[in-house]
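K.L.:
Residue strings, one per chain:
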Amino acid sequence: MNPTIRQIGLALLLLVSLPGCNKEPDYLYKVTSLALNNVNNSGDSVVIGTTGTVPARGYCIQLNYTTQITGSTSGRDPNESGYALYTKITRFTISSTTDFDEQHPAGASLNAYFYYGAYGLSVGITDSIPYALAANLVLASYRSDISVNSWQDSAYLLLMQAPTQLYPGPRTFIVNVAFADSTQFTDSVLVNLD
Amino acid sequence: MKNLLTAAILAAGLLQAHAQDQGYVHALQVELPQLEFKYSIPVKEKGIGNLPYGMNQYLGSTQPGISAVVLNYTIRPISLFYKDKIGLSFYYNGFGANLDLDGYNRYMTDKYSSKYNYVPMLSLTSLAFYGPAIGIAYRFHYRSYILEPNFIFGFEHLDDGMLDFEEPMRQYGSNQFVDYNLGISKSSPLQHSFRPRVAVGRRFHFKKISTVFEFGLVADYIYSPYAYNITLSQMSYGSLPTVEQLTVRTVYRQYNFGFYLKANLHRPLN
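Line order of the protein sequences matches chains V and S.
Here the first sequence stands for residues 43 to 236, where the numbers follow our numbering.
Here the second sequence stands for residues 3 to 272, where the numbers follow our numbering.
These are computed hints drawn from the structure, not numbers from a lab.
Take the hints with a grain of salt, since some may be wrong.
[What the hints assert, rightly or not] Listed next, with one range per pair, are the computed distances between beta-carbon atoms: (1) Q236(S) / D236(V): 27 to 35 angstroms; (2) Q247(S) / D86(V): 50 to 58 angstroms; (3) E246(S) / K72(V): 42 to 50 angstroms; (4) D102(S) / N218(V): 49 to 57 angstroms; (5) P134(S) / A222(V): 33 to 41 angstroms; (6) Y173(V) / G185(S): 34 to 42 angstroms; (7) L242(S) / N218(V): 30 to 38 angstroms; (8) L248(S) / G113(V): 32 to 40 angstroms; (9) T139(V) / S189(S): 26 to 34 angstroms; (10) M123(S) / Q110(V): 33 to 41 angstroms.
Beta carbons: idealized from backbone N, C-alpha and C, even for Gly.
Using the sequences and the hints given, assemble the complete structure.
P.N.:
Okay, here's the thing in structure tokens:
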């Protein structure tokens, strides 16, 4: 074979690219309910569903969303498709039925005092609620590599600033989540913070 | 990169075929790509013994061995040799080594593990450089053996994409955390390397094809001054972030030993 032809053949072989992969469409999820649990994160191990007094420094609220697949499932692949929220979250608020401190009377938003752990109890500076809301409460910790199809049915709110000693005693926290399709979910949890 | 290599192969083939047709192949010889696979022995870097934050252990301690082989490669897509003696070669190469992270992880554990129940540990980080280079060579012939001293001047840069990490550390018995963010970036987009190199090889061919193969051993030493920026920031709830920055100037040095393989379409003629 002519060496030049052989060269061209080799070059063509090198130019053959790998076939591309088509991304499968996501399954679409709708949130159908929300339930809260107290969490004590102040000890060696995490206690979920605690009913006693919880040190404020390690107090968390577990959010359990129930979700349901909505819309068409045709063309989806259980091994390839992700899971995305059907509608955007428009509001997320945590508040207390009693005064929290001087600046936060009963009913005021305590969003600034809690962080949202979309993946568990380990949070970083990008897990504040405004940050998490900007990402639809999805993987707030990993915004640089955010994937909108990584919704977690279980997440945590971590209390980052304890109430002052002027406002002791049991209190009820209320979480309200509203979606763009006008659905909203509310649940509350009673706790005695120490 | 693939297109560049393809273009170089095509150019080499066409030039060589043309040279053969025109009859001046005796004088000018265009060689095909040469691949080299090497084992590297990095030399401990100078001038970083006093780095803060344990960085002297983090960046100054590279480990030689098989794991470093993937970072050390040389592709010589094209060479021009006059009378198979004096040559000019173009290279694309990478060099570097995996970092020995035991010291850094020990430093992090000693400093933070009494207060935080999660301290980030690094498991795989490499100091890697890559880029084009150009070399001049002179060949000595003895029968079918070749001795080729070479001097290569490189235009590499540090691949800083693998050197950052950001991890939150969680305080014991509390929701509080510290976001520990270590960023390392090259301070200049381009650095230079100087590489004396010697290759010893043997040419051989098969009777029915004109292709001439060459196989041999190669050794070189890399001297590459470079600089990088370190940014360490720590952020926590309700506190202003603390950010510390410094620039480190040092020299990466490394010995390489390996083998190379090359095939020429036409028999080189003296």
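K.L.:
Confirm or reject each hint.
P.N.:
Hints, verified against the model:
1. Distance hint for Q236(S) and D236(V): a CB-CB separation of about 29 angstroms, consistent with the stated range 27 to 35 angstroms.
2. For Q247(S) paired with D86(V), a C-beta distance near 37 angstroms fails the hint of 50 to 58 angstroms.
3. A beta carbon spacing of about 47 angstroms between E246(S) and K72(V) agrees with the range 42 to 50 angstroms that was offered as a hint.
4. Our hint of 49 to 57 angstroms for D102(S) and N218(V) holds, since their Cβ atoms are close to 52 angstroms apart.
5. For P134(S) and A222(V), the hinted distance range of 33 to 41 angstroms is not satisfied, since their beta carbons lie about 52 angstroms from each other.
6. The given range of 34 to 42 angstroms is broken by Y173(V) and G185(S), whose C-beta atoms sit roughly 20 angstroms from each other.
7. Range check, L242(S) to N218(V): about 31 angstroms between beta-carbon atoms, so the 30 to 38 angstroms window is met.
8. With their beta carbons about 54 angstroms apart, L248(S) and G113(V) fall outside the hinted range of 32 to 40 angstroms.
9. At roughly 55 angstroms, the beta-carbon separation of T139(V) and S189(S) lies outside the given 26 to 34 angstroms, and the hint is violated.
10. Between M123(S) and Q110(V) the beta carbon distance is about 40 angstroms. The supplied range of 33 to 41 angstroms therefore holds.
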